[in-house]
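A.B. asks: Same order as they appear, the protein sequences are chains U and C. Note that the numbering used here has the first sequence beginning at 21, numbered continuously upward. Note that the numbering used here has the second sequence beginning at 18, numbered continuously upward.
The hints are simulated quantities; they were obtained by calculation from the structure and are not laboratory data. One or more hints might be untrue.
Claimed, not checked - Beta-carbon label-pair distances, calculated as ranges:
no.	chain 1	residue 1	chain 2	residue 2	range
1	C	G133	U	A162	53 to 61 Å
2	U	A162	C	L59	46 to 54 Å
3	C	N128	U	N221	45 to 53 Å
4	U	I92	C	V44	57 to 65 Å
5	C	R293	U	A162	55 to 63 Å
6	C	A132	U	A162	38 to 46 Å
7	C	G133	U	F335	31 to 39 Å
8	U	A158	C	I145	37 to 45 Å
9	U	N221	C	G152	53 to 61 Å
10	U	Q257	C	G152	50 to 58 Å
11	C	R247	U	Y352	30 to 38 Å
12	U	H265	C	T25	56 to 64 Å
What you are looking at is a predicted structure, and each value in this text was computed from that prediction instead of being measured. Note that beta-carbon positions come from the ideal geometry of N, C-alpha and C, so glycine has one too.
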Amino acid sequence: MNQYSKTVTVIKKVRSMRKRRGYLAAGILAALVLALCCAMLMLGSTIYPVKDVIRALLGEQVQGASFAVGTIRLPRMLAGLLAGLAFGIGGAVFQTMLRNPLANPNVIGITAGSSAAAVFCIVILHAGRSVVTLAAIAAGLAAALFIYLLSFRGKSFSIGRMIIVGIAIQAVCHSVILYMMLIARVSDIPAALRWLEGSLNGVQMADLRLLSIAVLVLAPAAIFMSRHLAMLELGDQAAASLGVHIDRTRIVLIVSAVILVAVATSVTGPIAAVAFLSGPIAKRLVGGGMSAILPAGLVGASLVLTADLIGQFAFPVRYPVGIITGIIGAPYLIYLLIRLNRRGEL
Amino acid sequence: MTRPKHFTKILTLGILLIVLCAAASIVFGSRPSTMQEVLDGLFRPEADSYGAHVVRQRVSRTVFGFFCGAALGVSGALMQSVTRNPLADPGILGVNTGAALFVVSGIAFLNISTAGEYIGLALLGSSITAIVVFGISFLGRGSTPIKLVLAGAATGVALSSLVTAILLPRSYVMETFRFWQVGSVGAGDWQAVAIFLPFLLVGIGTAVAMAPALNALALGDEAAQGLGARTGLIRLVSAAAGVLLCGVTTALAGPIGFVGLLATHVVRLLLGPDIRYLIPMSALAGAVVLTVSDVCGRLIGRPGELEVGIITAFIGAPLLIALAKNMKVRSL
Numbered sequence: 021m022n023q024y025s026k027t028v029t030v031i032k033k034v035r036s037m038r039k040r041r042g043y044l045a046a047g048i049l050a051a052l053v054l055a056l057c058c059a060m061l062m063l064g065s066t067i068y069p070v071k072d073v074i075r076a077l078l079g080e081q082v083q084g085a086s087f088a089v090g091t092i093r094l095p096r097m098l099a100g101l102l103a104g105l106a107f108g109i110g111g112a113v114f115q116t117m118l119r120n121p122l123a124n125p126n127v128i129g130i131t132a133g134s135s136a137a138a139v140f141c142i143v144i145l146h147a148g149r150s151v152v153t154l155a156a157i158a159a160g161l162a163a164a165l166f167i168y169l170l171s172f173r174g175k176s177f178s179i180g181r182m183i184i185v186g187i188a189i190q191a192v193c194h195s196v197i198l199y200m201m202l203i204a205r206v207s208d209i210p211a212a213l214r215w216l217e218g219s220l221n222g223v224q225m226a227d228l229r230l231l232s233i234a235v236l237v238l239a240p241a242a243i244f245m246s247r248h249l250a251m252l253e254l255g256d257q258a259a260a261s262l263g264v265h266i267d268r269t270r271i272v273l274i275v276s277a278v279i280l281v282a283v284a285t286s287v288t289g290p291i292a293a294v295a296f297l298s299g300p301i302a303k304r305l306v307g308g309g310m311s312a313i314l315p316a317g318l319v320g321a322s323l324v325l326t327a328d329l330i331g332q333f334a335f336p337v338r339y340p341v342g343i344i345t346g347i348i349g350a351p352y353l354i355y356l357l358i359r360l361n362r363r364g365e366l
Numbered sequence: 018m019t020r021p022k023h024f025t026k027i028l029t030l031g032i033l034l035i036v037l038c039a040a041a042s043i044v045f046g047s048r049p050s051t052m053q054e055v056l057d058g059l060f061r062p063e064a065d066s067y068g069a070h071v072v073r074q075r076v077s078r079t080v081f082g083f084f085c086g087a088a089l090g091v092s093g094a095l096m097q098s099v100t101r102n103p104l105a106d107p108g109i110l111g112v113n114t115g116a117a118l119f120v121v122s123g124i125a126f127l128n129i130s131t132a133g134e135y136i137g138l139a140l141l142g143s144s145i146t147a148i149v150v151f152g153i154s155f156l157g158r159g160s161t162p163i164k165l166v167l168a169g170a171a172t173g174v175a176l177s178s179l180v181t182a183i184l185l186p187r188s189y190v191m192e193t194f195r196f197w198q199v200g201s202v203g204a205g206d207w208q209a210v211a212i213f214l215p216f217l218l219v220g221i222g223t224a225v226a227m228a229p230a231l232n233a234l235a236l237g238d239e240a241a242q243g244l245g246a247r248t249g250l251i252r253l254v255s256a257a258a259g260v261l262l263c264g265v266t267t268a269l270a271g272p273i274g275f276v277g278l279l280a281t282h283v284v285r286l287l288l289g290p291d292i293r294y295l296i297p298m299s300a301l302a303g304a305v306v307l308t309v310s311d312v313c314g315r316l317i318g319r320p321g322e323l324e325v326g327i328i329t330a331f332i333g334a335p336l337l338i339a340l341a342k343n344m345k346v347r348s349l
């Protein structure tokens, strides 16, 4: 009996240590995101001190700072923050649910669907911003639904099949995009290109309305459901015997992840690699003590903001954020592939 | 050597189809030709009408299309045999994107313009990508179809972000590249055909010579070694031939996906898995697939044309989905 209670104490201790480590890591991440947000507001062609930034944010008139911070830098920062959260959380949900770190909205055609629709609206219809946004969201959802439905064979759902179907859909969307870039007027190309790599340039406050609602509603939902997600990771049967409604959980999670990713894509374009980088990094940082969904969102936000700062200031040419994340992401992706394959988990 | 059932019939059908494709490709286009123009263009070299010139151009384009299709078909067959993976295709494996990255770098940094330079860089790019993707999928314990496809797709995503990084600050490269980026046989003139021919002969010759050895490989590595086959060497030579074929095609025509996948699966469905038949017939089937897609693209896209790479993606993606649907869950 004594032996037994000793074991329990040890387990409890280890658990609370792991939990503490998780909270610590999440706290540090949150601080990092906050610091990056401040940097986004302060840095630019003129550097404003914190005091001016705060006064400008509070609505006081500060010479120069009010315009630069309020109209240009604040929307840019918020777009990066919200899109980073959305991509990070959405990507992490996908990875956990499909039990494969490589399975993310970028590789399996959901963002490609959004991009194709957006490019179509810009190049063919010459549509305005709001139409483009709505089309991108609708197409992302449609692509996800299509991929999901096609990956059934009879009643059996296979993740491997879903990935292959997704790659096929992506190939089609990609060729549509290529064709439209080919017939586009030269003047439309820059606007269309934005949808191919992701950028925070020229975001306005009005564009952020839908994204902020989506993040405020769906991110907590996904985090709340992540308890079930941990059980889903054990496999469908195990989760069912632990009392998880598999289908309901899966649908709620997939739908929220898809909406998050699609809405974020509609504002910033597909920011490469953030969706699949965030999950594994967050998991590494927080350890096994807590769900990595919220930390993944924070990692996503810090990645986007850091990459945007690098893109704006590190080179003679201003690169959009998606290029920077893509270049950071590429070697990591290859590393991930090799490591997973070594362990036979691919 | 036992022939597959109905081999003669299917071969006849294939040749008939090729002839029909050639005829369709010469007659149809964004501007339909009259019989007189076709006859002038083909048989009266002194005829100087606009229509006759159009027809002559279509002839070289058709031959070029046949070459591309054959090369891609054989390349697909080789890659599927080497990896023992029914989903292998130069487009799906990201090999085309590797070629694209090198070509873009060439246009941007080295100012390349001649076909030879395009070919050299595209070959280099596709070989390196192929080595990386095959390497990744062979590192673990055995490679499953899904592994290889995922490795290819992920590598493709990684490489295409590098392509965009190079393109974005250089709008002049974008102008050249956006036309190359969509696979098209529209630029196929006799010069391109002449450049293509030696590569095609070497590639297909190697493939045919390797076919019996690849049949042994299809039994599994142990069995093949038991039969005295040097599996490593077979893989290396066959993969090199496959990469050569798709690399040259990509250099001259731009990336055209799914032709290898389509051709080999049709042939396998009709003739069974014997690689000695699979390789030459895939060449035939690839040529048919590519030419049919090209003609369709010209008819659908009037008054311009839809590039063949777009059409093959639209035909190939459903096939990929169908293949995924029919696979056993276990093998995924």
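A.B. asks: Each of the hints needs a verdict: does it hold here or not?
C.D. replies: Status of the hints after comparison with the structure:
{"no.": "1", "hint": "C:G133 to U:A162: 53 to 61 Å", "in the structure": "violated, 45 Å"}
{"no.": "2", "hint": "U:A162 to C:L59: 46 to 54 Å", "in the structure": "holds, 48 Å"}
{"no.": "3", "hint": "C:N128 to U:N221: 45 to 53 Å", "in the structure": "violated, 30 Å"}
{"no.": "4", "hint": "U:I92 to C:V44: 57 to 65 Å", "in the structure": "holds, 59 Å"}
{"no.": "5", "hint": "C:R293 to U:A162: 55 to 63 Å", "in the structure": "violated, 45 Å"}
{"no.": "6", "hint": "C:A132 to U:A162: 38 to 46 Å", "in the structure": "holds, 41 Å"}
{"no.": "7", "hint": "C:G133 to U:F335: 31 to 39 Å", "in the structure": "holds, 33 Å"}
{"no.": "8", "hint": "U:A158 to C:I145: 37 to 45 Å", "in the structure": "holds, 39 Å"}
{"no.": "9", "hint": "U:N221 to C:G152: 53 to 61 Å", "in the structure": "violated, 38 Å"}
{"no.": "10", "hint": "U:Q257 to C:G152: 50 to 58 Å", "in the structure": "violated, 36 Å"}
{"no.": "11", "hint": "C:R247 to U:Y352: 30 to 38 Å", "in the structure": "holds, 36 Å"}
{"no.": "12", "hint": "U:H265 to C:T25: 56 to 64 Å", "in the structure": "holds, 59 Å"}
Violated hints for the displayed structure, listed by number in ascending order: 1, 3, 5, 9, 10.
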